[in-house]
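Q: The residues making up each chain are set out below.
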Amino acid sequence: MSRIITEAGLRELAEAWLRDGQAVAGPSEVKLGLIQYRPITAAARLLFDGFVHPANSIKEFFFPRHEPLYRYRLEGSRVVLEDCEPPAVKQLVFARPCDAAALPVLDHVFNWDCADEFYNRRREATTVVTLACSRYDDECFCTSVGLGPAAEQGADAVLFALGGGAFEVRPTTAKGDAAFADRTEESDRTATPFAGPPRRVALPRVEFDSPVWEDATLECLGCGACAYTCPTCHCFDIVDEGNAAGGMRAKNWDSCQFSLFTLHASGHNPRHAQPRRQRQRIYHKFHIYPEKFGPILCTGCGNCARQCPAGLGVLNVLKAIEASHAEHLPA
Amino acid sequence: MSETNGFEPKIVAYVCNWCTYLGADLAGTNRLEYPPNVRLIRLPCTGRIDFNLIVKAFEMSADAVLVSGCHPGDCHYTAGNYHARRRWMLFRPLLEALGFDLRRIHFTWISAAEGRKFQQVIAEITESARKLGPYRPYEANGESKWRPAGLPPPKRRSGDDASLRTTARELLAEGKAGVVIGRGERGPVLARKPEDADRLTWNGASKIALTAYLKRKEVRALGKPAIVAGPADLRALNVLEQESQIRREDIHVIAAEGPGAAPPDFSDLDALLQLEPGERMAYWAGEFDRCVKCYACRQACPLCYCERCIVDKNRPQAIDTSAHARGNFAWHITRAFHLAGRCVGCGACTRACPAGIDLRLLNQAAARAAERQFGYRAGADPKAEPLVGVYSLTDKEEFIG
Amino acid sequence: MARVGVFTCWCGENIARTVDVERVTEDVSRLPGVRCSVHYKYMCSDPGQALVRERIAADRLDRVVVASCSPHMHLKTFRRAVASAGLNPFLLEMANVREHCSWVHHNKEQATRKAVDLIRMSVERVKHNRPLDPIRVPVTRRALVIGGGVAGIQAALDIADAGYEVALVEREPSIGGKMAGLSETFPTLDCSQCILTPRMVEAGQHPRIKLYTYSEVEEVTGYVGNFEVTIRQKARYVDVEKCSGCGDCWNVCPLKKNPSEFDFGMGFRRSIYIPFPQAVPARPVIDKKTCAKLIRNGCGLCEKKCTRGAINFKDEDRLVKEEVGVVVVATGYRLYSIGKQQENGKLSGYGEYGYGQYKDVIDSLQFERLVSASGPTSGALKRPSDGKEPKTVVFISCVGSRDNAKGIPYCSKICCMYTAKHAMLYRHKVHDGEAHVFYMDIRAGGKGYEEFVRRAIEQDGAHYHRGRVSKITEENGKLVVRGADTLAGVPLTIEADLVVLAAAMRPAAGVETLAQKLNVGYDEFGWLLESHPKLRPVETNAAGVFICGACHAPKDIPESVAQASAAAGKVAVLFANEELSRDPEVARINEQTCAACYACRRACPYHAIEAAEVRSPKGAFVKNTARVNPGLCMGCGTCVAVCPSKSADLDGFSEQQVYAMVEALA
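Residue numbers (my numbering), protein chains in the order written: chain G, 1 to 331; chain F, 1 to 401; chain H, 1 to 666.
No lab work stands behind these hints, which were simulated from the structure alone.
Treat the hints with care, since some could be wrong.
[Stated by the list, open to error] Heads up, simulated DSSO-like pairs for lysine-lysine below, C-alpha to C-alpha not over 27 Å straight-line:
1) H:Lys314 with F:Lys217
2) F:Lys224 with H:Lys623
3) F:Lys383 with H:Lys517
4) H:Lys314 with H:Lys304
5) H:Lys534 with F:Lys117
6) H:Lys108 with F:Lys131
Looking at chain G on its own, in the form it has when it is part of the complex (with noise of 0.2 Å):
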């Protein structure tokens, strides 16, 4: 037996959320073409199917691009400090797996040290459901970070397509279950299971020094693309922002290919070219992170592919790195 909800029943749900003054959150077509996960402000914008994933992730509804930690007045002589709080209303947050499955990866960061409570905060108050995948395109590779299609990490209940505009819903946490209780019907479909994309590379050994950096990213442009719709990319930068009569310290996106990420004040850059810092995107993804914290910082998701402006991807440097090892291996 399972529980099912159709898409009405779906929408429904995120229409009763919203009219709570909740946020509701999931892949929406924004225009023609381009699928991003975007706040709604309609039920009727969500996606459910026809795509294999949305051009950006999720982290944002848990670390924005751009979030205020406090704000400061002058007033006459004195300075006046305002506490920023993140907003208080529960998110439901419609997704695909390997998005969700980045959040128990970036818990670590974020509580590490210290407890980031914007992160926190925003996290509890989130209820994720996931939407699991029917296909797949060339540049997925969850299959092979040892995620899947219908991978359950990081999701509060997860979502199966039946065909015919209904879902199985399999709920994961007492959050994923309390958003669907009296919502799903008791039905004897189950969901077909899917394999999803077949697996591309097998995480190699990756080395710091080698030569395959220059020969497999040098035509990384450094953008920040892919750091930027990474579900797991997480470097931020503390900007004041202000003027004569006040302003604010907030905490802004960044991204290691960029070239003043690193530059001293000397002038001194230790990550002088681009290849370093592709280097220190895939070393940090797969040795710096899990060597402290344990996960890899990869789902698989591909975004990195899809909106490299040249082409480049995590993927395709972990084929190079495997190839690499393959071209050295005696014969």
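Go by the hints and put chains F and H onto chain G.
A: What follows is chains F and H alone, placed relative to chain G:
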């Protein structure tokens, strides 16, 4: 003092030291009363007044901005006002495309003898700003349903891949080129070894302009580059040469056969300009709301080659780095203006944008102004004088009071 | 954190009447960084300035804002005041609360609030002011004068007499210019050569003047106080050191029929020649275009005749370098070429006057040679075609000048006067002759000028007709001049023996190229541009380059000489000190972030930005960059606005200072 709803606009005036500032002094000496809403900022010359200052004034909640300097021919520095006029001619169409209310920006020539004119101008601007009401910087008023048709798919190039590869292989093998910059199936290819040449194809994937690689230090270090160039690339090379970034003899060009550059297609821009200014602003606010400031537009552009982009400079912070409405508007206005008279219309910014923002339309607004006002198309003629940094005595100034 | 002191002035009642100075002082005292806020009745008075000095010391202020009148009124006063207290004068800002506030607003509440705003802007700005020191540029106290006409000679003599060395460059074989060829000069009718020749000799013999005749300026590098000039000395084929100017060589030269440039083709010269008997230096040159030895290794008589061995047929152009601190341009004028053929598309000629077609239609400089006592006819008036004395002469003024259709809208200024002189000289020589003058207007402004024209008409009986000549034809050996007398309202036809056309003045050939070498501006006609038409008439926008004489605009001799002396005066002022001290509010380039697109270099009105290279301490090339020459920069800031990465900035009006003001308005 007017009683219009009690709203008193804030007006920022950037004036030159030698004419308008002295004109304002004369108004004072002659006790010519005017509304107290204006704050003058004295600069040596209108030539010093950058459009970023206008943007910044509005960010600081100015309701109107005045830029005023010496009459043509009167500039203390001979030509600063002409340079300013030339820049405003390109800046205004850009603001127009953004849906900015141009009634809030005023340009005048006021001489040191025109205390009376200064008084009148301030009175008029104040009155007009009162009527317009408070300005909310870059806030969308509602939502726009308008969507551009978008970039056409890249034209297929007639060319023989085999001979392309042979050419590239030979260049690399004979050491005539250190790198061949071309396209492969997945995207750009930087062929460094003769065997890399097999990855090249005329009709590969391309979200960027290949000429963007010429600015990269890593690529420059490889030795003399050869580049597989289409019409837009050739124009970009011309602009890069005009701006002393390359020398053509240092670059081997493998040009595609077939027709040259098609004239730019301004139909989306025309459609955008059909909208009410308010809707245009709403359209852009919706687009920029998706901008995460990944700077793919900048990195993919062949002509964004600054060592340090202005957005990466923080003394002062001319553009907020945060990806909020204010910071995003300032960034995209700045980028488009820095490309005014330079953009070759390759479309790389638009193709590279992961958020699908049609940045091309902003560049086109300035490009069309360049065509209409100056008969100038960037990169079309390598010998042409660049558009910015020069001026003509006959530049039009119908917008200057 | 800056320690700012704010000093608000009452200006008696001028400010205090509409601005509540006490409240302003109180409000301002709470602004961040303000350590002291005081007011005083007259801040510019001695006790007011003393107050500023005292508080700087007492409150250890490192920045000062004076809220009073316009900086155009008292910026210098207060800069001196803070400097005397030991603070760098550029750490002072003013807030104009009088001209821009109290004098133009009546509502005290509003004016007071505005005054606080204006002061806040200045306080925020001054926090970003940097201490600046005057820029000092060493000066090479030698001058280059380009052009050896009357203006150049005068300028060279004045500078040399002031005690400085001068290099005088003249492209013709002799100095003297156009004036050396004139017959007599208006309005006094003194002989041109009589007054000029002594000056030429003086210049030639002056211990501090080095003559470079038959030479041209090839290249100019450097900037004010520090120019390096390359001079091309054209091959003369005569060693001026060995030559004594005896004349044996030119008397023996068999090639006698070369048209003389000095006589504008009215006379002839040999292939080895001095242009005119009083030439300075009195040393011949060989015309390589006609000399038989140089063309086909024939003749060589002059070489055989010369006892001093001064002839050198193997002579070549030489490049000489001169280091100078200033350049004076005195390149003069030429006449518009009247015929159909013009050198550029902007000008068109007068086919209908038959110049170049009829031998007896000549221009005014040719006429000068015809009536000159030292001219080809030794002053006897003989017309070119048959050498007969012309009995009827028609003078036409404004040929080209004031005619938009010909591309010359300006007035050539001197033609009215010399045409009157010509008519007079003609009548003095040919007592029974008729002189007719066609004119548009008579412009005779100048000392004794109007009287001179009246004399030509009333005493010397010249017939003046107000009107234009439409066509000149040759019929039966006569030139038939068809025109109109618009005052009489009748068409007029005159059968003349000689027609003299007062052609428009144009800048000397090649002046545009020279101006480009010097970075001096020129207008669409090629006249060089002065820095300011009223207040800086002999300066140019290229610091250290001065102009005088007819390279600037049509001028007569007295004006040219006056301007030459003015330029020399300017040079002497500049040379009065060993180094130049300049305002330090100039641009600078952050070479680390400069992308070397050179938009700034294109935009700079003063050519103060150059392409340069950044090199490592060991001298390895790092990158290209733009670089400001602070000796040339005038501080307009145009470079800042066109620099996309804001690698250009302007001290005194820096990006940080200006943004701080705007952001103070939030």
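Q: Does each hint fit the structure? Answer for all of them.
A: Now for the hints, and whether the structure bears them out:
no.	hint	verdict
1	H:Lys314 with F:Lys217	54 Å, violated
2	F:Lys224 with H:Lys623	17 Å, holds
3	F:Lys383 with H:Lys517	21 Å, holds
4	H:Lys314 with H:Lys304	15 Å, holds
5	H:Lys534 with F:Lys117	24 Å, holds
6	H:Lys108 with F:Lys131	24 Å, holds
When the structure is compared with the earlier hints, a violation turns up for hint 1 alone.
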